[in-house]
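> For reference, the chains in residue letters:
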Amino acid sequence: MKRVKTGIPGLDDMLMGGFLPKSANLVEGAPGTGKTTLGMQFIYHGIVAYDEPGLILTFEEFPQQYYRDAESFGWDFRQLERNDQLRVVMTSPEVSKAGLEEVGGRIEQLVREIGAKRILVDSLSHFERLREKPSELRRTTYGFVNSLKREGLTAVLTRESLALLGDAEASDDTFAFMVDSYILLRYVEIESVVRKALLVLKMRGSDHDKGIRQCEITSRGLEVLSPFEGREGIMSGSPRRMVDSFVQAFVKR
Amino acid sequence: MDELGMDLTGRLMADMDPRLLEFLRTTIDSFVKWDLIRFFYENPYTTDTARNIARYAGRTDEAIRKDLAELADNGVLEENQLGDMTVYSLTGDPEMRELLDDFVEASDDREFRVKAIYHIIRGNP
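Chains as they are written, first to last, in our numbering: chain A, 1 to 253; chain B, 1 to 125.
Isolated chain B, as found in the complex (with noise of 0.2 Å):
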């Protein structure tokens, strides 16, 4: 802790934009679900089941079926029953729209992947 109370993480985050790092507290707290969401700015307009959208992914059905059910709990994804299936697609609303695009933007700097990384090392203080 330094003389402000901080600690490394809370130093590291202090000049991040305020609304992503409240998205990165809320939301993303694994890689899986920060390559999800990169996945669905990258194909806005996927509709696919958890079992297809990991193959797209390059991962594993078991390691994406609970973030994909959490990051629609949080409003990113959308989540739909069509017949016996369940189907992900990225929300319409157009706010959380912009704070993706903010998000994935703003990790295509260094400095705030970095910090982001450790974020989710570290884990939600």
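Next up, chain A with everything else stripped away, as it sits in the complex (with noise of 0.2 Å):
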């Protein structure tokens, strides 16, 4: 089967070789673990190794913050908005709503204008905004990633999570649910040093590797380790080590 590839050591042998085409994939983390710098990799990558276009759709940040921490990694994002590559469209989950469901609208035009088939949507949390109700929510979301689909675009959507270190609140499962891929960013303290772990919890129609790997961000961008070892509980925040739950298990005190 054919696979988009993010371009990120590490990360697309996790995903038996790359998001499937055409796919939401649904990136979630606390600040500052790596999910905007995934999302860039993902769309700087397609535009040099595969010559796919993409579309960076952001809700939060400026464009001009995206063009200076993309030059941080050596990519020259104006570059590739000037070679009609790259656009860094700025907007809110309420007109891109609005603007997807309209035959010719805004997004519609930009894919076609660029040829794009990839899009970084950050962040996704930004639709929590138009406080709808759940249900209302939850159709929004998914006529949003749904018409991403139609547009053939491979989406990667951020996703915030507030809990910094330790377990994280429970999310949305609507989130979950509507995407076809699920990967996790955590922060985990391993003696009195703070790291970051990356965890493919759920890849539709695909295996996928289940490990739970080490991650850090270089002068490259994104890197995914090998596995921690000798560590469980890593997701938690605070891994134990397995020589101590097996103690804890299994001797008398």
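To be clear, the hints were calculated from the coordinates, so they are not data collected in a lab. If you're wondering where the values come from, they're calculated on a predicted model, not measured in any experiment. By construction, the Cβ of each residue, glycine as well, lies at the ideal position given by its N, Cα and C atoms. Treat the hints with care, since some could be wrong.
[Said to hold, decoys possible] Sample of chain B residues facing chain A (criterion: CB under 10 Å; computed from the structure): (1) Ala69; (2) Ala72; (3) Asn74; (4) Val87.
[Claimed, not checked] If you want the footprint, here are the derived chain B segments under chain A, 3+ residues with CB under 8 Å: (5) 44 to 53; (6) 75 to 85.
Two chains, two frames, some hints: make the complex.
Written out as structure tokens, the structure reads:
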């Protein structure tokens, strides 16, 4: 099956080659865990390695912020815009939603204009600002995600998780159900050092690596490293050494 | 008035690029418009309602509504109806985009800025 490679070292292996084409892929994590970096890298890699133009739809950060962040990784987003390979679009969820529902709307126009194949939506959490009832919010978000697929886009959708460390609050299942894959990014504390962990929680219609991997943001972007070894309870934020758990479970005191 | 019949504004503007001078005279008569132009220059693919643009630009909805509409009338912005929302985005007209680029780049120069500020404060002669 054809895959849409993210270009993120280690992640494509976890995804058995990459995302499925025209799929919606949720990346959830606390601020600073690397959600936006992952999304920008997915867009950048698509343009430079596969000639697949991309859109970045931002509801929060100014486009300038993306240009600057991208530059720190050596990615010239302004030049890609001049080449008509990228558009960083700032808008609000209500306008995006209305724009996608309208034939020939702004998003559709931009997709056609540059022949976009990939999109980063940063972030889906802002749909909650629409203050709709849960059932309406579900319908709205579902409609939005479907319209991206209708445009033939493979999407990375980010979502904020408020918990910095420790167990994250229970996520609204709505988002998890409507997407094709679900990636979690977490901070974990190991011996007084905070590290980042990545887990592919779900991937519809495909096998995937179920391990919890370490990841880092380097000068080249996000890199997914080896699994955490000899630890358990990683996603709780405070992992235990497995030997301690073994002692706790089996050795009488 | 001097011997050429020019007042201070005229003398100040005399050495300005005529295209930019005309743009100042016809389009930028408030600091809000100047801010909005800079905002759209820096974030060229923004499409949003007056309320949200006001929030991004650090202004109030009331303060920018009239100026957004006038910038649309002058061809700097495009005004579109999306359901019951009026949304604004930067014009796609290459000539206007070039003029905006030139204006924002020129306004990085202190001397140009001083002249332009004086022009706005004085209002159109």
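> The structure should be examined with respect to each hint, and the outcome stated for every one.
Outcome of the hint check:
no., hint, result
1, Ala69, "violated (17 Å)"
2, Ala72, "violated (15 Å)"
3, Asn74, "violated (21 Å)"
4, Val87, "holds (6 Å)"
5, 44 to 53, "holds (count 7)"
6, 75 to 85, "holds (count 4)"
Checked against the numbered hints above, the structure breaks hints 1, 2, 3 and satisfies the rest.
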